[in-house]
Amino acid sequence: MKSVLKKYLNNELTPIKAERVEKQMLTQLLDKKQRNHWEHLLAVEGIERNSLPEAPKVMPQTAKIIAFNPRPMLWKAAVGAFLVAGSWFLMRPATSNPVEAYAAEMQAIIKAPEVRMGQNPSAPELEWQQARNAYANKDFKKAGDELQKIVEAGKATPEQQYYLGLSRFFQQNPNYKAAITAFLQAQKDGWIGEDELSWLIALAHLKNGDKENAQKPLEVLVAKNGYKANEARQLLKK
Amino acid sequence: MEDNSNKNFGLSRADFDEMREKLKTGDESLFERVFVKHFNDCRRYLVSQCNASPDDAYDVTVETLIRFRQALIEDKIGYDNLRFLFTQMAKQIYLKWLQQGKRLPTTTLDNQADDRAEDSDLLFDDETVNILEQAWQNLGTECKKLLKSHYYDGIQLKQISASIGQSDVAVRKRKERCMETLKKHFFELYQQLQ
Chain A
1 MKSVLKKYLN
11 NELTPIKAER
21 VEKQMLTQLL
31 DKKQRNHWEH
41 LLAVEGIERN
51 SLPEAPKVMP
61 QTAKIIAFNP
71 RPMLWKAAVG
81 AFLVAGSWFL
91 MRPATSNPVE
101 AYAAEMQAII
111 KAPEVRMGQN
121 PSAPELEWQQ
131 ARNAYANKDF
141 KKAGDELQKI
151 VEAGKATPEQ
161 QYYLGLSRFF
171 QQNPNYKAAI
181 TAFLQAQKDG
191 WIGEDELSWL
201 IALAHLKNGD
211 KENAQKPLEV
221 LVAKNGYKAN
231 EARQLLKK
Chain B
1001 MEDNSNKNFG
1011 LSRADFDEMR
1021 EKLKTGDESL
1031 FERVFVKHFN
1041 DCRRYLVSQC
1051 NASPDDAYDV
1061 TVETLIRFRQ
1071 ALIEDKIGYD
1081 NLRFLFTQMA
1091 KQIYLKWLQQ
1101 GKRLPTTTLD
1111 NQADDRAEDS
1121 DLLFDDETVN
1131 ILEQAWQNLG
1141 TECKKLLKSH
1151 YYDGIQLKQI
1161 SASIGQSDVA
1171 VRKRKERCME
1181 TLKKHFFELY
1191 QQLQ
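Quick note, the sequences are listed as chains A and B, same order. Quick note: the first sequence uses my numbering, first residue 1, plus one each step. Quick note: the second sequence uses my numbering, first residue 1001, plus one each step.
Since the hints were derived computationally from the structure, they do not count as laboratory data. What you are looking at is a predicted structure, and each value in this text was computed from that prediction instead of being measured. Just so it is clear, CB atoms sit at the ideal spot from N, CA and C, and this is done for glycine as well. Honestly, I wouldn't trust all of these hints.
[What the hints assert, rightly or not] Heads up, incomplete: computed chain A residues facing chain B, CB under 10 angstroms, no partners named:
no., residue
1, V4
2, R20
3, L26
4, Q28
5, L29
6, H37
7, E45
8, I47
9, P53
10, A55
11, K155
12, T157
13, F170
14, G190
[Claimed, not checked] Subject to a maximum C-alpha distance of 27 angstroms in a straight line, what follows is the list of computed DSS-like cross-link-like pairs (lysine-lysine):
no., chain 1, residue 1, chain 2, residue 2
15, B, K1024, A, K188
16, A, K23, B, K1148
17, B, K1184, A, K32
[As the list claims (entries may be wrong)] If you want the ones that stay clear, here's a sample from chain B, every Cβ over 12 angstroms from chain A, calculated:
no., residue
18, Q1100
19, G1140
20, K1145
21, Q1166
22, V1169
So here's chain B without its partners, still in its complex pose (with noise of 0.2 angstroms):
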């Protein structure tokens, strides 16, 4: 059988299947330890291909691997040749950074939304983020948690649910709650710096 691994950060399928399924249950580890050692390697890319700055490289290779992160979990990458995939995948959100007077292309909902007019409306400013970060302090951890997973993630209630042992209306309430608390604290203090 051919070995694909360094095409593939030194990962083997089965190392690729493990990351990836570890990552869906917010075990991070694997997917941290394989893109610290190959974080050099992409700014390089950068630096090499697209002349990037080492500072700008930086911050793009960060955007990278967030987004890297969130296609695996979605299923949206397999093993193939991740490492050709991730530097391609950094070069478009360089090339996209540089179009937009280097501000990073903000996450939206199918990564392509910020370019269609109907979801426009849709991307918070910096201002109303850090709000957002100031409320999310008065979460417990479950709550924290529940709406990572969720919301993040991408998993599924039902997913949740089978996973800690509670029924889907406990947790779909207990969502609803959490999210509640939230919006109410963003509310107030959203009026309290108008």
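Bound-form chain A, shown alone (with noise of 0.2 angstroms):
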């Protein structure tokens, strides 16, 4: 045991080093989980860690895609949303509920975890692969049967909690309780990305007919007025 831990595990640190030891544990541990936060998120968006596409030809337009004072770009925008409605309309699954077009979304975009493991991997280490392998397969029932047996181990992070309910939710007969069940604790336990549990949380209770319990993770997410805020309105409006 490195001396510096060993005296703060014992207590033989001044506050102000046991303070500085903490803040140092803490910051590592916490850009442990941004780096894993990032890695989720830019998965979501579709960028890949080996492929690095060529940059747009339109570069100085770049930061216009996300500029919040849109006024000169206006006419183009209209045109561009036009074209995307128009695509989305001609491309939207054949149905008209939108809580199926959503969960339909939802799956398109959540692409499978990235797992690496070490020389020896452990059991759970194993299992997470595969579960990873069936879910980019979109073998959701085995991914979700790898996932269970880690969580029984008691041996679950929160990413595999978050895995476990997208595998319950996406399988060929859904176990919508499963989800909302891997989903709370994934949320439970610190999965950075809460708002997107809420939504997903909320599809769950609705695709399982119960509309009272999908009220108020949509509430939280019209209230943060952010992610999925306007879906979420539309649904409490039904």
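Take the two lone chains, each set in its own frame, and fit them into one complex as the hints suggest.
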């Protein structure tokens, strides 16, 4: 054991030094969590580690994709919106149920996790790898079963709970209650995509025919006025 | 007035202030929206200017985002030329990363301490951090939020107590209890694994 850690655990450090140790430990831990969070976020956006697309030809406009003063680009935005809406209309799922469409959208955008293993992987690491492969192949039942083993061994991370929820949600015979339980556990354990979890929990309740329990997570999203707030607002009106 | 938004990831000064204030209150949504859009730009810069591989540029850009976020919260970065600052920070991290045999430089309390002997024993190895991560799972959501706000986001306990309407003393005691709980779980796990 490193001497400073040993001293810290044995309460042998001065309060100032102990505070520095605590800050450093938490900084390293939360940096790691931030890294995982960004990797997930980037994967959801389709940004892959091993591929880097060419820069768009109209580079100066890239900033304006997210510009908050869109007036000069208004007519272009209107044309763009029309085209996007048109494409969406042509490619939309053959369902008029928005919950079905939202669920299909989530299934399309949430990619399989990135799993890194050591040289001598443990049983949970191997199960995690198998779950990842099954998820990538859209065999959600198998992915869920592998993840369930990790949960039952008491070794599940929030990310694994999250993917367990997704697997139960997307499998051929969905188990929405199991999905909700896993999402809630991921939320409790501090999985960073808090708003996305609220959205998934709401969708799972709605798919399960439980409007009453869907209300609270939808209201949370509306109150935050960020991720999926408009969609949540629309669903609350129904 | 000169429009500097292009040098600042499309952000006006007001947008920048809003993003920074939101970050300080734990709302990362705007920061994430902006930097997801520009993530590949930064990778391309590292690939073209530093001969980094797309894979390496990915890791270094993620690391830069973490440092940049921290610097924003600590008011170390102002609205000027964020794009330039970001790419320069990425370049420095990449060079340091190469020097250290492709090991990411660990964040230390002042971001420089890993060069100083007196603080080198404050850096924890991956195994220790993994144990800490397991111990962290035993904390409740409120404890996690409080410890993150105070230790990671650098928010003073006074500010936290004001925002949640509790006394300074109550928040300080709660922070100490949370830290004690974390330490207890960490100690147990550490002993089991030794």
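Status of each hint after checking the structure:
no.: 1; hint: V4; in the structure: holds, 5 angstroms
no.: 2; hint: R20; in the structure: holds, 6 angstroms
no.: 3; hint: L26; in the structure: holds, 4 angstroms
no.: 4; hint: Q28; in the structure: holds, 5 angstroms
no.: 5; hint: L29; in the structure: holds, 5 angstroms
no.: 6; hint: H37; in the structure: holds, 9 angstroms
no.: 7; hint: E45; in the structure: holds, 5 angstroms
no.: 8; hint: I47; in the structure: holds, 6 angstroms
no.: 9; hint: P53; in the structure: holds, 7 angstroms
no.: 10; hint: A55; in the structure: holds, 6 angstroms
no.: 11; hint: K155; in the structure: holds, 9 angstroms
no.: 12; hint: T157; in the structure: holds, 8 angstroms
no.: 13; hint: F170; in the structure: violated, 24 angstroms
no.: 14; hint: G190; in the structure: holds, 5 angstroms
no.: 15; hint: K1024(B) with K188(A); in the structure: holds, 22 angstroms
no.: 16; hint: K23(A) with K1148(B); in the structure: holds, 10 angstroms
no.: 17; hint: K1184(B) with K32(A); in the structure: holds, 21 angstroms
no.: 18; hint: Q1100; in the structure: holds, 15 angstroms
no.: 19; hint: G1140; in the structure: violated, 8 angstroms
no.: 20; hint: K1145; in the structure: violated, 9 angstroms
no.: 21; hint: Q1166; in the structure: holds, 21 angstroms
no.: 22; hint: V1169; in the structure: holds, 16 angstroms
Hint compliance for this structure: hints 13, 19 and 20 are not met, and every other hint is.
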